[in-house]
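Colleague: Whole structure, please, built from the sequences with the hints as guidance.
So you can see what is in the structure, the chains are spelled out below.
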Amino acid sequence: MGGISHYVRFFAAALFSVGLLIGDLYFSAFTELRSNMSLALVPFRAAATFPWNAYNTTADYLQSREKLLAEKGQLEQQIIENTINLKSFDFYLQQNEQLRENLNLAKRQSGKWLVAEFGRHVSYASTPRVSLNKGVEDGVLLGMAVVDKDGVIGQVVRADINTCIVSLLSEQGQWISTRNRRNNLLVILRGNGAGRLNIEYVTNDADLKVGDELLASGGVYPPGYPVAVVEEISTGSVYQQGLARAVSNFSNSSLALLYFAEQATAEQTDSPILNFGTEK
Amino acid sequence: MYYPNADSQLKQQASVALIMLTLFLAVAAEFIPWPNALLSVRPIFPMLALVYWAVHQPKVVNYAAAVVIGVIMDIANQALIGSYALSCVVVVLFANVLSNRFLLLTGVAQVLHVLIVLAIGQLCLYLLEFLEEGSAPADFGWRLFIPSFSAAALWLLLPVFIRYLRVALFKRQDSGVDY
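Those sequence lines, one after another, are chains Y and H. Residue numbering for the first sequence is 1 to 280, as defined by the working numbering. Residue numbering for the second sequence is 281 to 459, as defined by the working numbering.
Treat the hints as calculated values from the structure; they're not laboratory data. Computed from a prediction, not measured in an experiment: that's the story for all the values here. Heads up, some of the hints might be wrong.
[Stated by the list, open to error] Here are the computed distance ranges between Cβ atoms for each label pair:
{"no.": "1", "chain 1": "H", "residue 1": "314", "chain 2": "Y", "residue 2": "74", "range": "44 to 52 Å"}
{"no.": "2", "chain 1": "Y", "residue 1": "75", "chain 2": "H", "residue 2": "377", "range": "54 to 62 Å"}
{"no.": "3", "chain 1": "Y", "residue 1": "117", "chain 2": "H", "residue 2": "304", "range": "40 to 48 Å"}
{"no.": "4", "chain 1": "Y", "residue 1": "94", "chain 2": "H", "residue 2": "414", "range": "24 to 32 Å"}
{"no.": "5", "chain 1": "Y", "residue 1": "86", "chain 2": "H", "residue 2": "318", "range": "36 to 44 Å"}
{"no.": "6", "chain 1": "Y", "residue 1": "253", "chain 2": "H", "residue 2": "426", "range": "22 to 30 Å"}
[Stated by the list, open to error] Where chain H lies over chain Y, by a calculated footprint (3+ residues, C-beta under 8 Å):
{"no.": "7", "stretch": "29 to 39"}
{"no.": "8", "stretch": "44 to 52"}
{"no.": "9", "stretch": "141 to 147"}
[As the list claims (entries may be wrong)] Example chain Y residues on the side facing chain H (calculated, C-beta under 10 Å, incomplete):
{"no.": "10", "residue": "6"}
{"no.": "11", "residue": "7"}
{"no.": "12", "residue": "157"}
{"no.": "13", "residue": "160"}
Cβ coordinates follow ideal geometry from the N, Cα and C atoms, glycine included.
Modeller: Quick look at the structure:
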């Protein structure tokens, strides 16, 4: 391999890669190409994760009877507690709807849920992201909100045939509108790329304290779902400056929920890529 | 100094199979879900495997292999197609440049060289992703290169692992050559 041909080969490979980059950025045909390639990788992915999945399945299968019985007891108790809570929740919901109707307010936004399992964590630039085992085939759309049992995790930013990638709330450039549980104050949060959320546009005279719980105010996120807790707050020239910590702790969860805001669902078309960012 | 030769067809076939197997395992390691605590230190196995074979078998593992592995990684990570590919091509370039003198270096020197090559690959990847995102993250720093450190730390164990694979799977005599 001569010196010239070596560098020629390098430039050819580099040019080809740059061509792929440009193609993926500017040509919609690459969306289909990506889907097809992803589909082609399914057997490879299955083969690669087979030992891991086999280990997990075997470990689950070999769990002791006592452990399963204890787990069953816990789950039964949890179902009873949840049923009780749900019954009182239904009452409050009806009451709330009635009040809103009386006050001539718009109906509360409702949505649909899709259960997904966490896959592996991926790094995108410096930012950790997480993958889920549901994709376009299951009805996943770009921009969908993802939550776990503790709170909002983030949004779907890439969707494949059977997997999707979720960017976390703390990722730089992520914005979310929330309400303070204590006084319904509107608080805008922005991911700072360093694991926390910056508190934005809250005037100095607004009532916001450390420890306040912030809930999603709607839009693509399920309204009223926990988002973050205020950790630091201080007065600035016009707006307060502070940090909040996201409450979701997906490292301890195995399941996530994808949220379809119904309005958005009706307005989305088949192509998730084309519709990204068209939140209504 | 060792120059890899391909005089025996059987030997070459076994080597290619071994190379493909190790590259497959390296990519497979990317698919396995890692615990959160270990995520930031997860070595970049595919790039490490590419550097290893680009140093030891530059005629077999070349830029085409780098592009293929890179595109697989792009699809697997749902990254921009071509970003990993370009980074892998850059990594193979540096590995090829080093390949002639590499095996003359001491173990520690080899690890340091591998670290630099992998870090360049990661930097290339980050730059492309920052360009796509439009901004660099607030906490950009040396910590992002921990996967390169952890991968480089495995460098000296790789020959042992590959020798074991060769003997175990291909029933070949251990010639002491690390491929």
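Colleague: If a hint holds in the structure, say so; if it doesn't, say that too.
Modeller: Here's how the hints hold up against the structure:
Restraint check, residue 314 (chain H) to residue 74 (chain Y): a C-beta distance of roughly 28 Å breaks the suggested window 44 to 52 Å. One distance hint, 54 to 62 Å for the beta-carbon pair residue 75 (chain Y) and residue 377 (chain H), holds here, with the actual separation near 59 Å. Between residue 117 (chain Y) and residue 304 (chain H) the Cβ separation comes to about 25 Å, which falls outside the hinted range of 40 to 48 Å. Between residue 94 (chain Y) and residue 414 (chain H), the C-beta spacing of about 46 Å breaks the proposed range 24 to 32 Å.
For the pair residue 86 (chain Y) and residue 318 (chain H), the beta carbons lie near 38 Å from each other, so the given range of 36 to 44 Å is met. A hinted range of 22 to 30 Å holds for the C-beta pair residue 253 (chain Y) and residue 426 (chain H), which are about 25 Å apart. Counting residues of the stretch 29 to 39 of chain Y whose CB lies closer than 8 Å to any CB of chain H gives 5, so the stated coverage by that chain holds, three being the minimum. Coverage of the stretch 44 to 52 of chain Y by chain H holds in this model, with 6 residues showing a Cβ closer than 8 Å to a Cβ of that chain against a need of three.
Interface restraint, the stretch 141 to 147 of chain Y with chain H: violated (0 residues with C-beta to C-beta distance below 8 Å; minimum three). For residue 6 (chain Y), the interface hint holds, the least distance from its beta-carbon to any beta-carbon of chain H being 7 Å, beneath 10 Å. The interface hint given for residue 7 (chain Y) is met, as the beta carbon of that residue sits about 8 Å from the closest beta carbon of chain H, less than 10 Å. The beta carbon of residue 157 (chain Y) is positioned within 10 Å of a beta carbon in chain H (closest approach about 8 Å), and the interface hint is therefore held.
Interface restraint check: residue 160 (chain Y) against chain H, minimum CB-CB distance 6 Å, threshold 10 Å, status holds.
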